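All chains, full assembly: derive it from the sequences and hints.
One-letter residues, chain by chain:
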Amino acid sequence: MLIRRVLLGGVTVCIVSLIIFAGVEMLPGDACTQFLGEYQADEELLAQCRKDLDLNRPAIDRFAEWTQGAITGDLGLAADGTTKISTIVGDRLKNSLLLAFCAMAVGIPLALLLGVVSGLWRDRLPDIIASTLAIFAMTIPEFVSATLLILVLSVWLGWLPGIVLTSAAAPASEFFPEILLPVIVLSFVMCAHIMRMVRSSVIDVMASDYVQMATLKGVPYWQMVFRHALPNALLPAINVVALTIAWLLGGVVVIEVVFNYPGLGRLMIDSISDRNLPVVQSIALIVASVYVCVNLAADLLTMIANPKLRTMYMRK
Amino acid sequence: MTVSSTSHQQEHGRFMTVMKDILARPSGLIGLTLVLFHILLALLSPSIAPYDFKLQNSSLMLSPPSSEHWLGADHLGRDILSRTLMGGREALLVTGIATPLAVIWGGFIGILFGLVGGRVDEVLMRIVDAFLSLPWILKMLVLIVTFGTGIGVLIPTLTFFYGIPVIRVARAATHDIIARDFVWAAKARGHSRISIIWRELLPNVLDTLMVEGAMRWSWMLLAFSSLSFLGFGVSPPIPDWGLMISDARGFMSFAPWGVIAPVIGLSSLIIGINLSADALAKALGIDRAQKAPM
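Same order as they appear, the protein sequences are chains S and A. Heads up: the first sequence at position 66 corresponds to 66 in the numbering used here, and the numbers run straight through without jumps. Heads up: the second sequence at position 274 corresponds to 274 in the numbering used here, and the numbers run straight through without jumps.
In case anyone wonders, no lab produced these hints; they're calculated from the structure. What you are looking at is a predicted structure, and each value in this text was computed from that prediction instead of being measured. Quick reminder that beta carbons are idealized off the backbone N, C-alpha and C, glycines included. Watch out, some of these pointers could steer you wrong.
[What the hints assert, rightly or not] Taking lysine-lysine pairs in the DSBU-like style, the calculated list, with each CA pair at most 35 Å apart, reads:
(1) S:Lys-84 to S:Lys-94
(2) S:Lys-94 to A:Lys-139
(3) A:Lys-282 to S:Lys-217
(4) A:Lys-139 to S:Lys-84
(5) A:Lys-187 to A:Lys-282
(6) A:Lys-20 to A:Lys-139
[To be verified] Far from chain A, by Cβ distances over 12 Å, these chain S residues were calculated:
(7) Cys-14
(8) Ala-47
(9) Met-104
(10) Val-117
(11) Pro-171
(12) Glu-178
(13) Val-211
(14) Lys-217
(15) Gly-218
(16) His-228
(17) Pro-231
Laid out in structure tokens, this is it:
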């Protein structure tokens, strides 16, 4: 079962790379028409460029070469034919990881706490406040909440810098305190999703037979909550956390644009606008692999942590 | 849960019960009111907007709210009130067409493959997984940058990509139902696949699909306004909240009204849709908290 899950993940990554490669192949224009711009009408130049960049070979060959390179960490050259993609992407990936890590460090503990509290005190004041805030956090577009936060915290109150001016290659420590506002927005949004999930599973578990049994046996309330209810209630949260991590590493384009943060998302959008397709391919592959790996890890973790699933799969 | 082969009258009666249930909840009442308000506004705003949305007046640039221009003017001297009133039209039009289409094609494929099962189903699910693992904005931007912006590109793009997660949901719901006796009975009676889908599966999966559709609608609206914000959605001078926020952001320190008006417009619509979706899910007995956007 474990092996099957890992294999399926591998298959998914293969299909993703195929989709990415085929998608880019099917788009009109290639690296050469983009590189030459208005000179592309010159047949000779175009042919020469295609020859230089190896675009004349059949797509299958280039796909094989590209995947081979990607496995060994060599992502090839950007559309200008000189810059190595791994250096461009490397810095941005580091910055995205930094942002994601800070957001997780704030968001996940907060989400678990709020979820448990509002689940235990269902329909009471703390739950109503937290749940209402969560709806706002989930529904209002990120660029709206980010813009409002910049307006209030940075323009009106002047507490935090509203925009990131540090260059992409700077070491992590230089991003403070500029990184704080994006971290606040991200953790606010991710907190809402996790919190709602935790809340509903706490409510489910608290209504279950074994919790009632423990209560009837006279187990003290808090001991019952911590020892019997929470371990089971927090299990389903693993999957949501995985989804949010994947989202943090791939989907925060809008936030990065709003705060001018030099992460993977902004590189992605810039590369798409510039038609720098080799870079787009690489980012897509990285993000998709992260998504698959994180989800796989979450599934395995749930399997290991949940005694019911564990024994079920062992027997199989 | 509906039972197959319900008559029209029962179907109608059930619709009324669900509506009553939605309206009995504060979230449903507020949500539906907001949504209806926005739909009416989108239909009527061209006739009630006080000024022409594209009329530029350089003497009014970034002017604060006044008795003539209640919400002030933007960086090109255009009336913000008129633009805010009309700012949801494009978004509602695009998502209003793309959402049902996405649910229909995703739902149909999901039910069909859930029913067929086997190898084909296995392969399809891997492709679906592969698509889901790519960030939505990347998938869409590549198409938009290639084929250009505008409704003609946005509607098919949104329909295609937002239908893919629906396949998964519809397939899972189908798997829940397919083992029931009435599906076996229909198979034993020798009904064709199409007839089983139409008469046995669809009525039972419909609840899930409706909730899914309501949630997809709000996510699609989020995606649409984010695209506009990034400059890949509607093209100026058509008023759109996302684009207005993006334009006014630079002048936020001395002209905050330009940001606040479209923020209220957009937020109230999205919150309205979400509250309605929540109430609908509760009325139909489907747990919405278990779902995260993809």
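Status of each hint after checking the structure:
1. Restraint check for S:Lys-84 and S:Lys-94: the C-alpha separation of about 16 Å stays at or below 35 Å, so the hint holds.
2. Restraint check: the Cα-Cα separation between S:Lys-94 and A:Lys-139 comes to about 23 Å, which is no more than 35 Å; the hinted pair holds.
3. For the proposed pair A:Lys-282 and S:Lys-217, the alpha carbon gap of about 34 Å is at most 35 Å, so the pair holds.
4. Taken as a hint, the A:Lys-139 and S:Lys-84 pair is honoured in the structure, with Cα atoms around 24 Å apart against an allowance of 35 Å.
5. A threshold of 35 Å between alpha carbons decides the hint, and for A:Lys-187 with A:Lys-282 the separation of about 32 Å falls inside it, so the pair holds.
6. With a CA separation close to 40 Å, the supplied pair A:Lys-20 and A:Lys-139 exceeds the 35 Å bound.
7. Residue placement check: S:Cys-14 does not keep its beta carbon more than 12 Å from all beta carbons of chain A (closest about 8 Å).
8. For S:Ala-47, the condition that its CB be more than 12 Å from all CB atoms of chain A holds, with the nearest at approximately 23 Å.
9. The Cβ of S:Met-104 lies farther than 12 Å from every Cβ of chain A, with a closest approach of about 15 Å, so its non-interface assignment holds.
10. Every beta carbon of chain A lies more than 12 Å from that of S:Val-117, the smallest distance being close to 16 Å; the non-interface claim holds.
11. For S:Pro-171, the condition that its CB be more than 12 Å from all CB atoms of chain A holds, with the nearest at approximately 27 Å.
12. Once the 12 Å rule is applied to beta carbons, S:Glu-178 is consistent with being away from chain A; the minimum gap is 17 Å.
13. Distance check on S:Val-211: its Cβ is at least 19 Å (rounded) from any Cβ of chain A, clearing the 12 Å threshold; non-interface status holds.
14. Every C-beta of chain A lies more than 12 Å from that of S:Lys-217, the closest at about 29 Å, which supports listing it as non-interface.
15. The Cβ of S:Gly-218 sits about 32 Å from the closest Cβ of chain A, beyond the 12 Å cut-off, so the non-interface label holds.
16. For S:His-228, the requirement that its beta carbon stay farther than 12 Å from each beta carbon of chain A is met, with the minimum near 22 Å.
17. No Cβ of chain A approaches the Cβ of S:Pro-231 within 12 Å, the least distance being about 19 Å, so the stated non-interface status holds.
When the structure is compared with the earlier hints, violations turn up for hints 6 and 7 and for no others.
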